Amino acid sequence: MLLIDCPHCGPRDENEFRYGGQAGVAYPERPAELTDDEWAGYVFRRDNPKGWFHERWFHAHGCRTWFAVERHTVTHEIRKAP
Amino acid sequence: MTHPDFLWRDPDPKPSYDVVIVGGGGHGLATAYYLARNHGLTNVAVLEKGWLAGGNMARNTTIIRSNYLWDESAAIYEHSLKLWEGLSEELDYDLRFSQRGVLNLAHSLGDVREGRRRVNANRLNGVDAEWLDADEVRKFCPIVNVSSSARYPVMGATLQRRGGIAKHDHVAWALARKADAYGIDLIQGCEVTGFDLADGRVRAVRTSRGRIAAGKVALASAGHTSVLAERAGIPLPLQSHPLQALVSELLEPVLDCVVMSNAVHVYVSQAHKGELVMGAGIDAYNSYGQRGAFHVIEAQMAAALELFPIFSRVRVLRTWAGIVDVSPDASPIIGRTPVEGLYVNAGWGTGGFKATPGSGWVYAHTIAHGEPHPLAAPFALERFTTGALIDEHGAAAVAH
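Line order of the protein sequences matches chains A and B. My numbering puts the first residue of the first sequence at 9, with every later residue one more than the last. My numbering puts the first residue of the second sequence at 113, with every later residue one more than the last.
So these bits of chain B aren't anywhere near chain A, every CB distance computed over 10 angstroms:
#1 Asp122
#2 Phe209
#3 Ala246
#4 Asn257
#5 Val366
#6 Ile422
#7 Val428
Here are the simulated distance ranges between beta carbons:
#8 Glu41(A) - Glu494(B): 17 to 25 angstroms
#9 Glu364(B) - Met9(A): 29 to 37 angstroms
#10 Gly28(A) - Arg228(B): 31 to 39 angstroms
#11 Arg318(B) - Ala68(A): 38 to 46 angstroms
#12 Asn155(B) - Ala40(A): 45 to 53 angstroms
#13 Trp47(A) - Asp130(B): 35 to 43 angstroms
#14 Arg321(B) - Gly59(A): 21 to 29 angstroms
#15 Asp124(B) - Gly59(A): 27 to 35 angstroms
#16 Arg318(B) - Met9(A): 36 to 44 angstroms
#17 Glu410(B) - Glu41(A): 44 to 52 angstroms
#18 Trp74(A) - Glu242(B): 42 to 50 angstroms
#19 Gly18(A) - Leu221(B): 36 to 44 angstroms
#20 His115(B) - Trp47(A): 51 to 59 angstroms
#21 His407(B) - Trp60(A): 19 to 27 angstroms
Quick caveat, the hints were computed from the structure, so don't treat them as lab data. Everything numeric in this text was worked out from a predicted model, so none of it was measured. Every residue, glycine too, gets a C-beta built ideally from N, C-alpha and C.
Just chain A, same shape as in the assembly (with noise of 0.2 angstroms):
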């Protein structure tokens, strides 16, 4: 199980949290502008790297505050987000 560092309340178990999937993804500034394959990309292409990964989690079952890490997909370590 990981120990995930809740901003709020410090180190907690993983099965307090939800997992959000890669972080800064933002909604299109223009969104009436984008192609077909530009939405494709905003709805369903998200990075999946080997490696370090910038993340969301929900401290679902704590203070609900939804925040960023980042993990590292092989060794699992998490540290802060830059």
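Could you slot chain B onto chain A? The hints should help.
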């Protein structure tokens, strides 16, 4: 004592092949076999970074069924099931394919409605399916707790009698032996590190054992597909997750069918040797670590014991995880990519084993002709742009 003969050669890579398949698991080996058998292509190499069938092919729970909801899925999985039904004979190898029946339990009115709908959809597509009420479930599988006071009451189940299990290692060995006999090179310890592209076309793969020129390159790399595709500049709508499974100690025969429960994320069968084989849902986070968290196993066991009180003193022998590549609609991605000559077969998520022969069949056709096989066409990468998704989150039976 002498070592038994090897079932396949251990060749060094040649400088060039007509087709290079990246990934020596079930789907890669089946693709190689059908390239030779159906299309006469034998100047083919299967490149495997580890050893043959050492990834998800060695880690799955071997369940085979075709009771998917939508027409496109029913067609491809039923094609695969029909191939399974003749595969032991065709490959001249006992795959221990056992059509012992697959139950999908319903625990709520929503499950019941969904199950009945699926049975009707399956029948319309020529897939055998039955709806059992709770008493019929008890008769079919007496050790399931169908008491109305159970934590997860069994309100009925779908049954596919032609579904079952097979011995995964035998499947891999049989396909590898046949592919090798056709002259296909199965090259282990050969990791693909990059692609040579020119004019939008793939020319070669770069590997840990040197450059190998290729007329066509076919990815069959499951959880690592994103990593490879990125090296060819292709972003794919895939996320890699750990999927855990476990086996118990060996038991006398006690369970003669496959029992799956979508709602509580448990699927159980008893392997020929006697161990209970159980699978869980995916771990939530992206990972390539081939291991998952114990609380996932714990939750799965808690649910399994509610369904099967008789297993309360059974001990877990070992747990493990494979890396599964999950697509947004829980359906595979099969076909061409934006790079000419580079093909993808991925996104099988939690359920690729059952599709092994069917996937190999349609993928080989797609590679050989440069056009999607009719059964593969709906699963092309373009569906995420057109919006023609094939949502099988219900039938995939495992939460994504």
